[in-house]
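Engineer: Listed here are the chains, written in short residue letters.
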Amino acid sequence: MSQRPDSRTFGRRRFLKNISLSGAAAMAPAALRADESAAASAAPTTAPMPNIAAETLPPSADPVTQSSSGGDFMLEVLRALDFDYLAMNPASNFRGLHEAVVNAGGNQHPEILTCPHEEIAFAMAHGYGKMAGKPMAAICHGTVGLQHGAMALYNAWCDRVPVYAMIGNLVDADKRLFGFEWAHSAIDPAALVRDFTKWDDQPASLQHFAESAVRAYKIMMTPPMAPVLLSLDAELQENPIRDRERLAIPPVTRSVPPVADSAALAETARLLVNAEKPLIICDRMVRTPAGLGHLVELAETLQCSVVDMLGRLNFPTRHPLNQTGRRAAVVAEADVIVMIEMMDAFGAIHSHADRIVRRSTPLYRPGTKLVTLGCRDLYLKANYQDFARFNAVDLAIAGDGEASLPMLTEQVRRLLEERRRSAFEQRGRKLAQSRKEMFEQAQADATLGWDASPISTARMSAELYAQIHKEDWSLVGNGINVWWPLRLWDFDRSYRWNGVAGGAGLGYNAPAAAGAALANRPHGRLSVAIQGDGDLLFVSSTLWAAAHHRIPILYVVHNNRAYHQEYMYLQAMANRHARGITNAHIGTTITDPDVDFATVARGFGVHGEGPISDPKQLGPALARALAVVKSGAPALVDVVSEPR
Amino acid sequence: MKGTDMRVRDSLRSIALAALLIASLEAVADVPPGNATHGRELYLAVGCFECHGRMGQGGYFNYPAPALAQLQLPLEAFQALVRLGPHDMPAYAETVLSNADLADIYAYLHSLPGRRAAKDIDALNK
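First to last, the protein sequences are chains A and B. Residue numbering for the first sequence follows the working numbering, beginning at 1 and increasing consecutively. Residue numbering for the second sequence follows the working numbering, beginning at 645 and increasing consecutively.
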């Protein structure tokens with residue numbers, strides 16, 4: 001065990017008593033190993049000359065080396081859980097595990113991702129978890145680090161994404177040394193994030209750790225997925241293992257996602273088949289690559305409208321039945337609406353007026369049958385209100401959306417009658433025509449301001465797509481409300497889009513995109529992200545992490561030089577008072593000086609292009625940057641662009 | 645009672661809006677009388693471009709902000725919409741933008757180039 005001096009006796013008297021050690025210790029034979037000497041002998045008692053070194057040297061009998069540590073065993077457990085990466089910003093109270101990973105583990109499986117901020121570490125894990133379909137582990141200081149990282153955990157919680165979070169803590173007050181070790185310790189460090197993590201524990205022994213680590217993994221991966229947190233005692237990490245033969249790592253058995261009740265699905269199928277204008281709305285339904293295919297199968301069987309709220313890519317954007325761009329219209333005409341894995345079912349079927357008198361109005365007709373299917377009802381917490389407004393429905397089905405879809409489709413098929421097939425096909429043809437018109441409208445709208453400077457977001461998106469559409473591309477991030485890719489691009493596979501932050505907390509996009517690009521790397525996919533300037537300023541050192549770890553990703557900075565959503569909100573407030581917006585830029589814009597993101601990127605070792613304000617220069621700049629990305633490195637193009 | 649009044653007012657407002665939108669389907673034939681140069685200055689100064697784009701290309705707040713270049717909406721309907729502010733659009737009072745100002749902005753929107761043929765732009769056909 002590591003011997004920490006007893007602070008109660010580590011005073012002047014003891015100093016004088018022990019100063020004879022100064023010379024003796026320097027010439028001491030091989031020091032004791034901790035695991036060879038369970039109890040160190042008492043300190044010598046002679047009183048030689050004062051010496052500064054004496055104050056820093058431990059008693060000679062104290063062990064100075066050890067042949068094993070709890071961190072080594074923790075590494076075994078993490079390997080059993082098959083983590084490829086451990087994202088971190090280094091911190092003293094997990095130095096035991098850190099050392100085990102880099103030396104005992106050779107920095108492989110998991111490999112450490114050095115992140116310049118804990119928010120970056122957790123957000124990388126968030127983005128990776130969605131794209132890879134498997135979680136990333138991340139670790140930080142238990143107090144100061146977790147406070148930095150809390151925002152990213154909240155985003156992952158709202159987004160229902162597994163993040164395996166760990167923190168270091170020094171539990172035993174008797175073992176804490178001076179000032180900062182106290183500031184960096186807590187009796188319940190997980191309390192800070194307990195409202196937005198699914199489960200946490202602070203194991204008291206290595207066996208306890210093994211079981212809690214497996215339990216945490218299992219809980220995290222069972223829908224509804226969410227972050228979990230383990231607090232690792234520093235002593236447990238650092239001390240030698242006394243009884244390795246007693247320790248056992250439980251087998252990792254993941255829970256099968258809960259499939260909805262078959263009778264409820266049969267009733268839903270009956271409603272859908274008998275409806276004149278059925279509508280399916282999805283948000284965070286797709287968990288695996290198979291999910292998108294399941295929804296296509298159901299929609300094509302019914303020839304019904306689908307609206308994708310795009311928490312994940314649930315449905316191909318150019319599919320003829322995709323009516324996302326007509327949400328209000330198809331909700332208004334629907335007689336049955338089935339909503340699957342929704343973050344905000346109420347919000348999706350109401351219109352909202354953000355005015356002095358705030359109100360929400362149903363978009364759907366009275367009498368429309370409303371059905372929800374998802375894990376939302378299985379697990380909620382009270383404090384943070386990400387569960388959205390209560391929405392009364394006719395049938396609420398608890399179960400995993402993706403896992404339940406094949407059974408729902410099967411039930412629909414059973415009820416299909418040949419005589420209705422032509423009506424279904426006619427419905428499908430009308431929807432296909434609407435989809436075609438929506439796309440043509442988007443193309444025509446995109447021509448407006450095509451040659452203008454600042455560059456239109458439509459042109460920025462179209463120029464980017466023109467250069468990647470023949471590649472196996474993946475849009476791993478999108479700044480707030482740049483909606484053109486979703487209107488113009490052909491998102492035909494689930495990995496083409498990695499969803500959004502969940503909690504809409506700034507500081508998500510850049511690191512989550514890097515995490516997703518890391519997940520794309522072994523597949524050879526071309527990862528691109530449209531990156532808001534405000535978000536990048538929160539976490540700009542993500543660029544260094546991307547360069548350091550050779551993560552191939554193109555950041556196209558949508559540089560509107562403002563926290564623009566807030567700018568618009570301030571404009572709305574000013575207008576309420578009829579005061580004009582002359583001062584709405586104060587506190588909302590990022591000018592004077594303008595940020596030169598290409599120079600910032602180069603400072604972090606990333607290829608930087610820009611600032612590009614001439615639309616004619618955009619295509620060539622993107623081409624140069626993409627060449628760098630294809631060589632295996634990150635690149636950035638700073639596009640001075642229209643606000644939206 | 646207050647709630648009922650509000651619902652009645654909302655209903656009237658909805659009817660008025662619907663009428664305006666129906667009217668908008670009729671193309672505006674004549675060149676509007678306002679001062680487009682002053683309209684451009686106002687369009688930028690009062691923040692129309694924040695959501696609708698400098699070239700009237702449209703954008704997004706919490707709801708889509710429609711394209712305004714070559715706006716096919718009668719001036720009176722345009723003025724009424726700006727005073728009301730549908731969805732999350734800030735309503736502009738007359739003390740901030742007079743009807744004459746709105747006429748100038750309207751003229752500016754009509755001076756902007758409209759949609760082109762998308763088939764002529766290679767990047768829009770991928």
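Hints may be right or wrong, so weigh each one.
Here chain A is said to cover these stretches of chain B; the calculated rule only asks that three of the stretch's residues, wherever they fall, bring their Cβ under 8 Å from a Cβ of chain A [said to hold, decoys possible]:
| no. | stretch |
| --- | --- |
| 1 | 679-688 |
| 2 | 691-704 |
| 3 | 709-719 |
| 4 | 757-768 |
Cross-link-like lysine to aspartate or glutamate pairs, in silico, DMTMM-like; alpha carbons within 25 Å at most [as the list claims (entries may be wrong)]:
| no. | chain 1 | residue 1 | chain 2 | residue 2 |
| --- | --- | --- | --- | --- |
| 5 | B | Lys763 | A | Asp490 |
| 6 | A | Lys616 | B | Asp764 |
| 7 | B | Lys763 | A | Glu440 |
| 8 | B | Lys770 | A | Glu333 |
| 9 | A | Lys630 | B | Asp766 |
| 10 | A | Lys470 | B | Asp764 |
Some residues of chain A that are not near chain B, with every Cβ distance over 12 Å (derived) [claimed, not checked]:
| no. | residue |
| --- | --- |
| 11 | Thr114 |
| 12 | Met343 |
| 13 | Ser461 |
Honestly, the hints are just simulated from the structure, not real lab data. No residue lacks a Cβ here, since even glycine has one placed at the ideal position from N, Cα and C.
Engineer: It remains to establish, for every hint, whether it holds in the given structure.
Structural biologist: Here's how the hints hold up against the structure:
1. 679-688: Coverage by chain A is violated here, the residue count being 0 at a Cβ distance below 8 Å.
2. 691-704: holds (count 12)
3. 709-719: holds (count 3)
4. 757-768: With 10 residues closer than 8 Å to chain A, the stretch 757-768 of chain B meets the three-residue bar; holds.
5. B:Lys763 / A:Asp490: holds (17 Å)
6. A:Lys616 / B:Asp764: OK: lysine 616 of chain A and aspartate 764 of chain B at ~16 Å, within 25 Å.
7. B:Lys763 / A:Glu440: Holds, at roughly 10 Å.
8. B:Lys770 / A:Glu333: Violated. Lysine 770 of chain B to glutamate 333 of chain A sits at ~32 Å, over the 25 Å cutoff.
9. A:Lys630 / B:Asp766: holds (23 Å)
10. A:Lys470 / B:Asp764: Within the cut-off at roughly 20 Å; holds.
11. Thr114: holds (36 Å)
12. Met343: The claim stands: methionine 343 of chain A keeps its Cβ more than 12 Å from every Cβ of chain B (closest is about 15 Å).
13. Ser461: violated (9 Å)
In the structure shown, a violation is registered for the earlier hints numbered 1, 8 and 13, in ascending order.
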